[in-house]
Structure formats: C-alpha cells, structure tokens
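Peer 1: Can you build the whole structure from these sequences, using the hints too?
When the count follows our numbering, it moves up by one through the sequence shown with no breaks and lands on 441 for the last residue.
Keep in mind that the hints are not guaranteed to be accurate.
Each computed DSSO-like pair below joins lysine-lysine, with the alpha-carbon atoms no more than 30 Å apart [claimed, not checked]:
id	residue 1	residue 2
1	226	253
2	137	76
3	253	76
4	139	76
5	375	139
Restraint-style ranges between C-beta atoms, simulated for each label pair [stated by the list, open to error]:
id	residue 1	residue 2	range
6	385	200	19 to 29 Å
7	413	269	17 to 27 Å
8	394	314	18 to 28 Å
9	259	77	32 to 42 Å
To be clear, the hints were calculated from the coordinates, so they are not data collected in a lab. Each residue gets a CB set at the ideal place from its N, CA and C atoms; glycine is no exception.
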Amino acid sequence: MKSIMLVFGTRPEAIKMCPLVLELRGREEARVCVCVTGQHKSMLKQVLDAFLIEPDYDLSIMKEKQTLFEITISILNKISGVLEKEKPDVVLVHGDTSTAFACALACFYLQIPVGHVEAGLRTYDIYSPYPEEFNRQAIGIIANYHFAPTEKARQNLIGEGKNPSTIFVTGNTGIDALKTTVRADYSHELLEWASGSRLILLTAHRRENLGEPMRQIFRAVKRITETYPDVKVIYPIHLNPLIREIAGSVFAGEERIRLIEPLDVIDFHNFLARAELILTDSGGIQEEAPGLGKPVLVLRKSTERPEGVDSGALLLAGIEEERIYNSVSGLLNDNNLYNRMSNAGNPYGDGEASRRIADILLGQKDK
75 MKSIMLVFGT RPEAIKMCPL VLELRGREEA RVCVCVTGQH KSMLKQVLDA FLIEPDYDLS
135 IMKEKQTLFE ITISILNKIS GVLEKEKPDV VLVHGDTSTA FACALACFYL QIPVGHVEAG
195 LRTYDIYSPY PEEFNRQAIG IIANYHFAPT EKARQNLIGE GKNPSTIFVT GNTGIDALKT
255 TVRADYSHEL LEWASGSRLI LLTAHRRENL GEPMRQIFRA VKRITETYPD VKVIYPIHLN
315 PLIREIAGSV FAGEERIRLI EPLDVIDFHN FLARAELILT DSGGIQEEAP GLGKPVLVLR
375 KSTERPEGVD SGALLLAGIE EERIYNSVSG LLNDNNLYNR MSNAGNPYGD GEASRRIADI
435 LLGQKDK
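Peer 2: Here it is in structure tokens:
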C-alpha cells in the first residue's frame, strides 16, 4: 500500500485537490492523509465542506494581515512534525501558493518525494504573478513527479531540463470538480436579481494588483455599468481588507454592482455557468470558465495559461482602466467575437485528471 499525503491551504488549491483526494480515497491500494495549512481559513472550509472532506491535520496558520515571511516560517515549523510522524511515500502539493512552496521545501529537507499537481505553468517573469511565479518554479526544482495540465506546460518543463520520464500530461483537476458542482436545477436570489440582464462575474484579488491597478480595474467595471444599462455585476469580494477598502470607495452607491461575501465552490461554479462573461485575475477561473463556454477577460499583464489565449477562450485585458473598458465593450458589442470565445472549447482537460494522477502514482500507468 502506498502512503500519499496531500497538502493544501487556500480555496483555489482545495477546489483542485479535493477531486484528487476523493479519487485516491477510492483506491484500495492507497493510504491517504490530508493536511491543510489554513492559509485561507474560512474560504478553505467552504470547499472542504462542499466535498465532504475532513482533513487529518489542520496547521491553522492564518493570522490577520500575515506576511509572506510569516506564512512560510509558520508552515515550515508546523508541518515538519506531521511529515516526520506520517512518513508518506509521496506528498502532493498544488500549483503556486506559499503553502505549496513551503511544504515542498519541508519535504526536500526531509528527503520525501514530492508530486507537483498543475506543474509547468510559467510566465518567466519572477514578479508576475508575485509570489506565485517564484513558488512554482522553485517547486519544479524539488518535485519528483510533474503532473502537467497541458502539453505546453510539459514543454516548459522539458525546456528547463526536467527529466521527461517524470512529466505526465494529465489535464487539470479543476475541470474534474465542475462535473460534480454545476447543477441544472440550481437557483439563487442573486441570480434572480440579475435575471434579464447581462451578468458579469468579477473576481480580483492578486497581490500584484493591490493598490492603483485594482482601482483602475474597478473604475473600468463601474464605467461599463454606466455605459450599458442592461449589465449587472456580481463581485464575490476577497477577505483582504485592502481590497474591500478600494472596492467600497469605487463602487459606493452603484446599484447594479453587488459586492458579496465569498461564495462556496458549488455556488461559485453555478454563478460561473450563468454569467454572460467573466472578469478575473484568478488562475483557476481561466481554466474553469472555458469549460462552461464563458468568455474570460484576464485582468493581468501576463498569464501562465497561454493555451486559453491561443485557443481564443481567454483575452488578456491588462490592468489599465481604458484597456479593460474597451475589451469588455468589444465583447458586449460584438456578437461574433462573443460567440467565437464562447465556442473556443477548453484546452485544459476533460475531467479525468484525478484518475490519471492516481493511476500514475499507484503504478497502473507508465505515462
């Protein structure tokens, strides 16, 4: 029996790791242990509850206004004892968070093999996104298994000199989650509020967008609602008090912009499925929304998910007010452009990534 530990700490990680937890727990040949760091406390619990997963360990590291120093040091201090007690054959981390980086580093110190889920994403600008680009490159140095979501990600890893025999193209586990969360009979009072309007779903939380970039993003969104009376916006706002302060000042008094508390994963995926288009600086949403036929405008200077841009499902809208406003207006005004983006398809997977990763870890497939 193979001992497999999965470690994650944020809501986006949990959405993508929970399907893998469930897949591995369904395999008789796997002994599965789940450790959460609590990097996002309440938002993480929402996802765990939605997937009916009770972690074996909770490091509970979250503090108000915690810094990258505090996150990294706290995880290293607290996870070492868990790893030494469990002695897993392999530890799976996800993506590009400080949780994933710190856990991979702890495993390196203890010489425990690491599997990197969603490996090989790159911008090759170490400060964009920050600190995520550094985190995923550093994990790539440590990892023994690289579970790449796409062929492009695999080529990035090969170009960096990774051993091709350790790289596996699996698709993205986030697409797996959509199979169980999106429901035809779903209803919500906010969707009733938006009924008859073109609904824009907004998410914005990136550390590098804090400050003036976020003000420009919000001003562009406000202008869109002023220009198009049939548009309404729902913004599940991040818990970061700086983001809430900026959003409150820019959106004050806007009746067609609703700031709401973060949604649980089932609610959020169903909001995605019913939106007209998505404005986001998130990584995972760039993968999820194309699977639902929703155009995505990426509120960043660059993206480590170029497959979506190449396919036509994503449009890089940047962080400047005028550029964002023009990009959204173009989609709202041009039905042909909207239809092309809606029908571009999803380059990130077919919903079978968790099964493939489990097969590889348990020796049921070579590649």
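Peer 1: Take a quick look at whether residue 253 and residue 76 sit within 30 Å of each other, Cα to Cα.
Peer 2: 27 Å, holds
Peer 1: Would you check the hint for residue 226 and residue 253, treating anything up to 30 Å between C-alpha atoms as holding?
Peer 2: It holds: about 24 Å lies between the C-alpha atoms, which stays within 30 Å.
Peer 1: Could you tell me whether the CB distance from residue 413 to residue 269 stays inside 17 to 27 Å?
Peer 2: 22 Å, holds
Peer 1: Next pair to validate is residue 375 with residue 139; report whether the Cα-Cα distance is within 30 Å.
Peer 2: 25 Å, holds
Peer 1: Under the criterion that the straight-line Cα-Cα distance not exceed 30 Å, is the pair residue 137, residue 76 satisfied?
Peer 2: 34 Å, violated
Peer 1: Holds or violated: the 18 to 28 Å window for the beta-carbon distance between residue 394 and residue 314?
Peer 2: Check passed, 22 Å falls within 18 to 28 Å.
Peer 1: Does residue 139 pair with residue 76 here, judged by a C-alpha cut-off of 30 Å?
Peer 2: Violated, at about 38 Å.
Peer 1: Is 32 to 42 Å right for how far apart the beta carbons of residue 259 and residue 77 are?
Peer 2: Holds, since residue 259 and residue 77 (Cβ atoms, about 40 Å apart) stay within the stated range.
Peer 1: Given a hint of 19 to 29 Å, does the C-beta separation of residue 385 and residue 200 actually sit inside it?
Peer 2: 26 Å, holds
Checked against the numbered hints listed earlier, the structure breaks hints 2 and 4; every other hint is satisfied.
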